[in-house]
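Protein chains: 2
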Amino acid sequence: MSAAEVMTPDPQASQAPGAAEPVSFRTDPGKYRHWRLEIDGDVGWLVLDVDPQAGLRPGYELKLNSYDLGVDIEFYDAVQRLRFEHPEVGAVVITSGNDKAFCAGANIRMLATSSHPWKVNFCKFTNETRCGVEDASANSGQRYIAAVNGTASGGGYEIALACDQILLVDDGSAALSLPEAPLLGVLPGTGGLTRLTDKRKVRRDRADVLATKAEGIKGRAAVTWGLADEVIGKSRFGETVAQRARQAAAASPRTARAGQPGVALAPLDPSITADAICYRHVRAALDRQARLVTITVAGPDGDPPGDLHQAGAGFWPLAMTRELDDLILWLRTNEPELGTWMLRTRGDIGALLAHERCLAGAGGDWLAAEIRHYFKRTLKRLDVTSRSLVAVIEPGSCFAGMLLELALACDRQYMLEGTDPAARIVLTSANLGTFPMANGLSRLATRFYGHDDHSERLAAELDRPIEAAEAADLGLVTAALDDIDFEDEVRVVLEERGSLSPDALTGLEANCRFAGPETLETKIFGRLTAWQNWIFSRPNAAGPDGALTRYGTGRKAAFDWKRV
Amino acid sequence: MSAAEVMTPDPQASQAPGAAEPVSFRTDPGKYRHWRLEIDGDVGWLVLDVDPQAGLRPGYELKLNSYDLGVDIEFYDAVQRLRFEHPEVGAVVITSGNDKAFCAGANIRMLATSSHPWKVNFCKFTNETRCGVEDASANSGQRYIAAVNGTASGGGYEIALACDQILLVDDGSAALSLPEAPLLGVLPGTGGLTRLTDKRKVRRDRADVLATKAEGIKGRAAVTWGLADEVIGKSRFGETVAQRARQAAAASPRTARAGQPGVALAPLDPSITADAICYRHVRAALDRQARLVTITVAGPDGDPPGDLHQAGAGFWPLAMTRELDDLILWLRTNEPELGTWMLRTRGDIGALLAHERCLAGAGGDWLAAEIRHYFKRTLKRLDVTSRSLVAVIEPGSCFAGMLLELALACDRQYMLEGTDPAARIVLTSANLGTFPMANGLSRLATRFYGHDDHSERLAAELDRPIEAAEAADLGLVTAALDDIDFEDEVRVVLEERGSLSPDALTGLEANCRFAGPETLETKIFGRLTAWQNWIFSRPNAAGPDGALTRYGTGRKAAFDWKRV
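Protein sequence lines correspond, in order, to chains F and W.
Going by the numbering used here, the first residue of the first sequence is number 225, and it counts up by one from there.
Going by the numbering used here, the first residue of the second sequence is number 225, and it counts up by one from there.
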């Protein structure tokens with residue numbers, strides 16, 4: 225790029241159209257504006273019926289069941305609640321309550337008027353939610369069925385692609401389409417291309433045809449090509465969908481839980497000020513000058529409860545995970561300039577490990593499993609967070625077992641050496657695969673990728689305190705430093721980190737964090753997302769004459785034809 | 225991105241600084257300005273000694289053995305010639321003839337003053353060359369040793385990372401570094417990050433430290449961290465390198481070929497006019513109005529030679545591959561606006577298959593193997609080419625076996641049906657794995673990824689002509705069309721393709737072409753490259769106040785601190 229061929233920030237350009245209020249991810253079905261969550265025995269119904277006037281930001285209308293971040297926040301909330309509050313639900317049907325469309329995807333005016341960081345952050349969250357749907361199916365036995373009762377375009381079809389089954393109405397007009405490239409000059413960026421070829425095994429030339437054909441594919445061809453599982457005449461559609469849902473629910477292990485109570489996810493109520501966000505177990509201190517957030521996670525107080533179901537949302541692992549999840553989402557969306565997160569823990573390691581045993585020992589208990597998977601998903605959110613993550617391990621910290629995963633998710637770990645009492649970490653079986661990363665490996669296995677002998681050695685070092693010098697020897701921390709050097713070194717690291725190009729750090733971290741194998745999920749977050757980010761920053765999409773900007777104006781995009 | 229936060233093309237910005245002459249990739253050791261290729265028995269020496277004044281374009285000096293595309297074109301040529309012209313060479317040492325540095329990486333002024341497409345295309349070619357070094361080692365028994373006799377920074381260290389062994393001099397100053405992020409606000413984009421974690425198995429936090437530490441790591445720490453294999457005192461360095469090279473050569477199967485003559489790669493001499501590029505077997509017709517290139521590959525005339533060594537560079541598979549390789553490089557670099565390549569073949573299928581049998585039947589013959597691997601690499605180049613690829617299959621075409629791979633590399637295949645004589649394709653065993661893609665699968669296996677039963681069925685359909693209707697039934701072509709529809713349909717497809725956003729198509733194709741598994745190579749081309757492209761297009765790197773632009777001016781970069 226020549227020096228002149230660059231983006232100049234518009235001083236009036238805000239994070240999103242009319243950005244003002246920070247975005248909260250805390251909601252519940254009683255507050256939904258865009259979705260209806262209905263439970264019918266062992267089948268859950270998620271009905272998308274977007275209120276066009278209730279966009280999260282002014283400046284666009286959510287026509288044809290198109291969505292913005294606000295719509296997706298409700299979707300995420302519903303998927304979470306289905307797992308925790310409805311243990312009896314074995315199948316979930318996603319369908320449309322709009323008589324004109326199943327879902328038209330991400331709202332184009334919203335995208336066209338949003339800043340680059342907003343678009344990227346929005347896509348990341350929607351990707352996490354789609355992967356969350358697949359996680360519910362794979363790990364919670366909650367099968368998702370897309371009942372596509374009208375045209376599903378772009379992100380609309382990508383919601384369907386995240387489901388186990390896609391049932392398409394055959395009404396002569398309902399089509400499946402990915403019109404992003406032909407209409408907007410961008411990619412289907414919510415996993416669509418990867419799920420077409422890698423999940424649904426659609427032939428690559430057909431994927432190419434679909435993704436360049438604005439009007440999409442309908443009827444039988446959609447099934448022949450593998451875009452849908454079944455195409456169903458209009459008159460039989462409702463009945464067939466209900467039947468497929470009942471069949472899926474009956475085949476789910478969840479159905480055996482009929483009558484079991486769920487765990488209500490009571491509202492979180494953090495105190496939020498200009499420089500701190502405080503939940504019960506998780507706190508964040510914001511240093512805007514240093515562009516630094518210090519996140520402190522507190523371990524549990526006292527003994528684990530006798531009955532975790534009775535403890536419910538108050539059970540420390542669940543409560544802490546919900547708070548951490550909410551904090552990550554808040555900071556990512558509302559505090560983009562705070563580029564480094566320092567992670568600390570504090571608490572009693574013994575109490576933490578007792579809680580962890582309670583979670584693991586609960587064996588087949590569905591709630592224990594849900595909590596483990598939820599903490600796994602929250603750690604994965606950290607893995608794909610575009611912030612530098614630095615763990616600081618000191619006396620009184622509580623980086624053991626499941627909380628040690630927080631340190632292992634960080635780009636670096638600094639540990640204080642030679643104090644009395646000493647800083648300690650503890651490896652447990654929870655570090656050996658309970659919380660796999662998107663690449664399918666534990667954070668420990670990723671850290672020691674290709675060093676299987678060392679990984680085996682570590683597996684023999686469980687359940688005992690490891691002090692700093694040994695932790696460094698075992699490769700578990702980046703550096704062990706005595707108290708003369710520790711504070712200085714950490715300060716220098718944070719200052720240095722805070723001085724580097726935020727974009728280069730994002731790219732660097734996105735590559736270094738994921739050694740080894742790739743999966744559908746890493747392909748979506750690593751490959752597809754990176755290409756989309758690039759395209760989003762190119763004038764052919766987002767420039768004044770770009771396709772995304774000009775969509776709906778009646779003027780065709782003016783492209784720079786050079787292939788890059 | 226807001227509408228105003230965009231890149232506006234500079235009418236004076238050219239492809240590269242002072243772009244004028246098209247770039248030719250045809251060279252030979254007699255013409256090298258920057259490398260010396262010396263053969264000493266079974267060891268080849270590649271000595272980098274860049275002429276600072278001989279940059280490919282004006283406007284920068286290639287100090288400290290830094291490189292531009294011109295330097296890399298010679299590197300590529302040398303790696304190729306070592307395989308074909310030096311069958312006796314079992315080990316290659318890459319070292320520096322510059323007394324101040326091993327290699328300072330890609331020249332920064334060159335990067336800072338180049339257009340975005342130029343930077344991306346430059347990185348793609350350098351990546352292909354680095355992967356080519358690894359291919360020579362893996363498939364040709366030619367082991368590469370980096371004799372790092374001075375500081376290797378950025379792309380300089382990335383050259384070393386592509387080698388089998390990295391020997392670092394311990395002279396108190398020579399360091400290994402990846403200073404792109406701290407100094408330039410970009411990534412080590414020639415595979416460095418991926419090779420650190422996935423090839424050399426460097427711990428992710430150490431990779432993070434290295435890639436943010438401008439001065440790098442030297443001495444023993446480089447070996448402890450896995451950045452180098454051996455650190456050697458200055459006085460013993462030359463002798464130890466020579467010894468390691470002799471050991472590697474002795475262990476290579478190539479050494480058994482001492483005394484065998486190589487095959488000289490005689491100069492290619494295409495005729496190049498404004499609208500055509502013609503080699504002996506490969507031709508390209510350029511339609512600038514339609515932004516379309518029609519590439520026609522002719523099959524061999526007559527019978528294969530009795531002795532392929534005697535035929536040498538004139539042997540059709542080698543001659544055709546060299547021409548196609550050169551054409552791809554020429555078009556990619558010099559014709560970025562011609563966004564669609566239509567691939568045709570013509571010739572006698574029987575003669576082609578006879579040549580293919582000669583190549584396969586030669587069994588352990590080193591030259592036959594080299595030609596197969598070279599055609600494989602050329603097909604891989606096509607796979608990562610950012611142009612839409614459309615195969616057109618008509619009567620008289622020659623899409624059989626190895627040339628059918630050209631069609632399978634395309635995004636779509638259109639076949640004419642119902643004529644007399646009929647258009648025909650032929651599957652052979654060459655389509656079942658002789659020419660794997662970067663993902664490790666054949667193009668056929670990638671096309672039918674997840675449909676193993678169908679792949680097995682196809683394996684029973686070898687060595688017989690398949691006409692259009694059956695080819696469509698077997699999923700080998702996108703569409704079979706009779707002569708009433710064929711011409712119209714192909715015209716519409718090409719026109720439509722030519723109207724879409726070039727960036728969206730690049731991202732779309734980069735995703736659809738690689739279903740299934742990922743490898744070091746797909747991670748480099750798919751994940752790392754996409755992040756680098758994004759960063760290259762961001763103002764924090766390439767804007768007027770960006771780190772890349774301001775490097776060396778004494779002014780610090782001014783960053784937009786928002787994390788994206």
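Bear in mind the hints are in silico, worked out from the structure with no lab data behind them.
Wrong hints could be hidden among the right ones.
Pairs count within a copy or across copies, as identical chains cannot be separated in the list.
[Claimed, not checked] With a Cα cut of at most 35 Å, we get these calculated DSBU-like pairs of lysine-lysine:
#, residue 1, residue 2
1, K255, K780
2, K437, K255
3, K425, K600
4, K600, K324
5, K423, K600
6, K425, K255
7, K255, K600
8, K600, K437
If the cutoff is 35 Å on CA atoms, where do K600 and K437 land: within, between, both or neither? Let me know, please. The answer is between: 32 Å across copies meets 35 Å, while 38 Å in one copy does not.
Can you tell me if K423 and K600 fall within 35 Å by alpha carbon in one copy, between copies, both or neither? both (22 Å within a copy, 27 Å between copies)
Classify it for me, K255 with K600: is the Cα-Cα distance of at most 35 Å met within a copy, between copies, both or neither? Intra 27 Å, inter 58 Å, cutoff 35 Å: intra-copy only.
Up to 35 Å between alpha-carbons, please classify K425 paired with K255: within, between, both or neither. Intra 38 Å, inter 49 Å, cutoff 35 Å: neither.
Checking an output row: K600 and K324, CA cutoff 35 Å. Within, between, both or neither? For K600 and K324, neither the intra-copy (38 Å) nor the inter-copy (50 Å) Cα distance is at most 35 Å.
Under a CA distance limit of 35 Å, which applies to K437 and K255: within one copy, between copies, both, or neither? neither (37 Å within a copy, 49 Å between copies)
When no copy is named, should K255 and K780 be tagged within, between, both, or neither for a Cα gap of at most 35 Å? Neither way: K255 and K780 sit 40 Å apart in one copy and 48 Å across, limit 35 Å.
Checking an output row: K425 and K600, CA cutoff 35 Å. Within, between, both or neither? Intra 27 Å, inter 25 Å, cutoff 35 Å: intra and inter.
Checked against the numbered hints above, the structure breaks hints 1, 2, 4, 6 and satisfies the rest.
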